[in-house]
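Undergrad: The residues making up each chain are set out below.
2 protein chains.
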Amino acid sequence: MRIIVAGGDGFCGWPTALYLSKQGHDVTIVDNMVRRKWDDELRSNSLTPILPLEERVQRWEEKTGKHISVYDCDLMHYDFLKEIFKQVQPEAFVHFAEQRSAPYSMIDREHAVFTQTNNVVGNLNVLYAIKEVTPDCHLIKLGTMGEYGQPNIDIEEGYIKIEHKGREDVLPFPKQPGSFYHLSKVHDSHNIQFACKIWGIRATDLNQGIVYGLHTDEDEHDEGLINRLDYDGVFGTALNRFIIQAAIGHNLTVYGSGKQTRAFLNIKDTIRCVEIAAENPADKGEFRVFNQFTEEFSVLELAEKVQRVAEAKGLKVSIDHLENPRVEKEEHYYHAVNTSLIDLGLEPSLLTDEHISRTLDTALKYKDRVLKENVLPNITWK
Amino acid sequence: MRIIVAGGDGFCGWPTALYLSKQGHDVTIVDNMVRRKWDDELRSNSLTPILPLEERVQRWEEKTGKHISVYDCDLMHYDFLKEIFKQVQPEAFVHFAEQRSAPYSMIDREHAVFTQTNNVVGNLNVLYAIKEVTPDCHLIKLGTMGEYGQPNIDIEEGYIKIEHKGREDVLPFPKQPGSFYHLSKVHDSHNIQFACKIWGIRATDLNQGIVYGLHTDEDEHDEGLINRLDYDGVFGTALNRFIIQAAIGHNLTVYGSGKQTRAFLNIKDTIRCVEIAAENPADKGEFRVFNQFTEEFSVLELAEKVQRVAEAKGLKVSIDHLENPRVEKEEHYYHAVNTSLIDLGLEPSLLTDEHISRTLDTALKYKDRVLKENVLPNITWK
Numbered sequence: 004m005r006i007i008v009a010g011g012d013g014f015c016g017w018p019t020a021l022y023l024s025k026q027g028h029d030v031t032i033v034d035n036m037v038r039r040k041w042d043d044e045l046r047s048n049s050l051t052p053i054l055p056l057e058e059r060v061q062r063w064e065e066k067t068g069k070h071i072s073v074y075d076c077d078l079m080h081y082d083f084l085k086e087i088f089k090q091v092q093p094e095a096f097v098h099f100a101e102q103r104s105a106p107y108s109m110i111d112r113e114h115a116v117f118t119q120t121n122n123v124v125g126n127l128n129v130l131y132a133i134k135e136v137t138p139d140c141h142l143i144k145l146g147t148m149g150e151y152g153q154p155n156i157d158i159e160e161g162y163i164k165i166e167h168k169g170r171e172d173v174l175p176f177p178k179q180p181g182s183f184y185h186l187s188k189v190h191d192s193h194n195i196q197f198a199c200k201i202w203g204i205r206a207t208d209l210n211q212g213i214v215y216g217l218h219t220d221e222d223e224h225d226e227g228l229i230n231r232l233d234y235d236g237v238f239g240t241a242l243n244r245f246i247i248q249a250a251i252g253h254n255l256t257v258y259g260s261g262k263q264t265r266a267f268l269n270i271k272d273t274i275r276c277v278e279i280a281a282e283n284p285a286d287k288g289e290f291r292v293f294n295q296f297t298e299e300f301s302v303l304e305l306a307e308k309v310q311r312v313a314e315a316k317g318l319k320v321s322i323d324h325l326e327n328p329r330v331e332k333e334e335h336y337y338h339a340v341n342t343s344l345i346d347l348g349l350e351p352s353l354l355t356d357e358h359i360s361r362t363l364d365t366a367l368k369y370k371d372r373v374l375k376e377n378v379l380p381n382i383t384w385k
Numbered sequence: 004m005r006i007i008v009a010g011g012d013g014f015c016g017w018p019t020a021l022y023l024s025k026q027g028h029d030v031t032i033v034d035n036m037v038r039r040k041w042d043d044e045l046r047s048n049s050l051t052p053i054l055p056l057e058e059r060v061q062r063w064e065e066k067t068g069k070h071i072s073v074y075d076c077d078l079m080h081y082d083f084l085k086e087i088f089k090q091v092q093p094e095a096f097v098h099f100a101e102q103r104s105a106p107y108s109m110i111d112r113e114h115a116v117f118t119q120t121n122n123v124v125g126n127l128n129v130l131y132a133i134k135e136v137t138p139d140c141h142l143i144k145l146g147t148m149g150e151y152g153q154p155n156i157d158i159e160e161g162y163i164k165i166e167h168k169g170r171e172d173v174l175p176f177p178k179q180p181g182s183f184y185h186l187s188k189v190h191d192s193h194n195i196q197f198a199c200k201i202w203g204i205r206a207t208d209l210n211q212g213i214v215y216g217l218h219t220d221e222d223e224h225d226e227g228l229i230n231r232l233d234y235d236g237v238f239g240t241a242l243n244r245f246i247i248q249a250a251i252g253h254n255l256t257v258y259g260s261g262k263q264t265r266a267f268l269n270i271k272d273t274i275r276c277v278e279i280a281a282e283n284p285a286d287k288g289e290f291r292v293f294n295q296f297t298e299e300f301s302v303l304e305l306a307e308k309v310q311r312v313a314e315a316k317g318l319k320v321s322i323d324h325l326e327n328p329r330v331e332k333e334e335h336y337y338h339a340v341n342t343s344l345i346d347l348g349l350e351p352s353l354l355t356d357e358h359i360s361r362t363l364d365t366a367l368k369y370k371d372r373v374l375k376e377n378v379l380p381n382i383t384w385k
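Heads up: the sequence lines are chains A and B, in that order. Every position in the first sequence, counted from 1, becomes a number in our numbering once 3 is added. Every position in the second sequence, counted from 1, becomes a number in our numbering once 3 is added.
Please note that the accuracy of each hint is not assured.
Heads up, the list lumps identical chains together, so a pair's fine if it works in one copy or across two of them.
Unchecked claim - List time: in silico DSSO-like cross-link candidates among lysine-lysine, alpha-carbon distance up to 30 Å: (1) Lys385 to Lys200; (2) Lys262 to Lys287; (3) Lys332 to Lys164; (4) Lys200 to Lys319; (5) Lys164 to Lys200; (6) Lys375 to Lys385; (7) Lys262 to Lys200; (8) Lys66 to Lys200; (9) Lys69 to Lys375; (10) Lys308 to Lys262.
Simulated from the structure, these hints should not be mistaken for lab results. Predicted, not measured: the structure shown is a model, and the values here were computed from it.
With the rest of the complex left out, here is chain A:
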């Protein structure tokens, strides 16, 4: 298949592009390299040293003989984007190319406005390009489990059957997102659903949990293909951030009680889920929603796992309960359905001590690159 991976220079996009290329697909990366610019803005970096994108794909071609095309394009630039659609004629468009950090969107008004404009308009442009150039192209859009918030009922996959006053309907699952970033994904979901309805576009919204891990089979033991790894208070996420904190001898920074429960998955499952979606496209006009995660954990549970694995390696690790910089429920019901992708063939890579140990080894290898002043959260929701 001809597949565009937008955001193919990022943490999820890069290993997805490699995996789809290895599977024999004709992969094109569209990326404006902005994730690297945000590192500059925040004076931060990836724990792992990553090559420029052009060198990464060259290395991949040398190693595998497989070519990945690259366009340095911002999805906000519609004319260029449309031209790419004309040249590539994609059968699937995998859309990772959004600002994906909740804290980044909460820095101030400018960052909130940037996040919503960038994500919503970029996605609208993709919808118009599909409509105008390749109406059969399957949009595979990365959403987030955070769109749902933490309702006191089970979270279904995108829709819920509601009985009310003697009547019933199947309606979009109510959304209660927790940051201007998460809100942008809710806006996207509504826009895509409408485009499917009026233009007959086929789309899959992958409401992804929090991704952990680093290595996939494609980059294993190849420094030039290594994925980025974020540890800072802005782009670092629970579990990966804890592992790196353990590696540098920093307390694990749990926000509040840590009883917040979230959905998680291994980066290896991210790439496999995208492949499953691509191989099983949504119907014309269908807005399909999959909940893309494999397990649920509380944040404190993860910190304790990391502590145990790190201590077995002789590292001293304590857990620190910081004042929660976010406005969120700490004690709440949480249970979400995730059967669709498993029914289509996903075999989850569950979290094991061995996996934590493996990522911790990589973190120890590169620990001198960590800028310690970036580890603590410095952005509050208030």
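Got chain A sorted already, so can you dock chain B onto it with the hints?
TA: Chain B in isolation, oriented as in the chain A frame:
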């Protein structure tokens, strides 16, 4: 009360500003006059001749002795908006200042992107200005009944209690908006709800039906204060558009079967609902939703009413079923709850033949101003 009416030069905003001023409130209009520019862009006009805003408010002051301040400000310009908040110190901010036409948002990609950016970012700026300058200010935001779409269950006021798999919660009512414009209002609602939660802002989302009518007590028999009246296929809405079509001898343009049912209210009730919301502010941190309409009609029913009233005046009127330019259900269940505003004191001005007759008389008076080529819909959802 010190009240800002944003969009105070428009069809709903102008009579609201006059009414609140008459009631003794200290009214400030914020408007960038863009509604008049859209007339230029679309080569259209208001049926009624309207004075420039500065002259309108001067006329009001001459007539009543009451002063209305005016700022020519685009809500996209945050620094100016914030300065206005500092100077006015508003206790309520009535937010009409959005692009409000569904067809306009469907013209093409540029208009879809403009509508969502203008509405969503303008509203984010208002939220930040309230947070930063006047945290107690009550945001009275115009939403639309179109946010809900046409679900097969009764539409509640913003929230619905859902029982699911043995658990229950009260959650935001699911949204199924039918244009990029309606989507922008859904995005706004989600953003406001979040801002209420994290910053303690007080907000009322008025999910308004389709507004008909023209005159209010404040402009009655005063040409200089007259409200604008839209009849074109882009900004003209059902009922008002039919009345003007009857006046110029044009067929009434019903889209499809006309069995689409929608919620309606008189412009006199719009201004009263805003007053009720202002006098009964939401609590700190409360995101309150009222459904602001008084009656439900099918589009065909309204055309038939107008036909009957017009024929009684000796006008010849036929009803034309055009191919529906929109993608929408024509046969559907529709029933929405609207008790909150009535419980707070709204006494609905229901639709009477006399009311249609009165607006028709005004339309006949100005019928030579109508640009007939603008009457038909020329924007399709496909």
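Undergrad: So, for every hint listed, does it hold in this structure?
TA: The hints, checked one at a time:
1. Lys385 to Lys200: The answer is between: 10 Å across copies meets 30 Å, while 38 Å in one copy does not.
2. Lys262 to Lys287: between (41 Å within a copy, 27 Å between copies)
3. Lys332 to Lys164: both (26 Å within a copy, 20 Å between copies)
4. Lys200 to Lys319: neither (55 Å within a copy, 39 Å between copies)
5. Lys164 to Lys200: Result: close both inside a copy and across copies, 19 Å intra and 27 Å inter.
6. Lys375 to Lys385: Answer is within; shortest intra-copy Cα gap is 24 Å, inter-copy 53 Å.
7. Lys262 to Lys200: between (39 Å within a copy, 20 Å between copies)
8. Lys66 to Lys200: Neither, since 43 Å and 51 Å both go past 30 Å.
9. Lys69 to Lys375: Classified as neither; 38 Å inside a copy, 61 Å across copies.
10. Lys308 to Lys262: Close inside one copy (14 Å), not across copies (60 Å); limit 30 Å.
This entry does not satisfy hints 4, 8, 9, going by the numbered hints stated previously.
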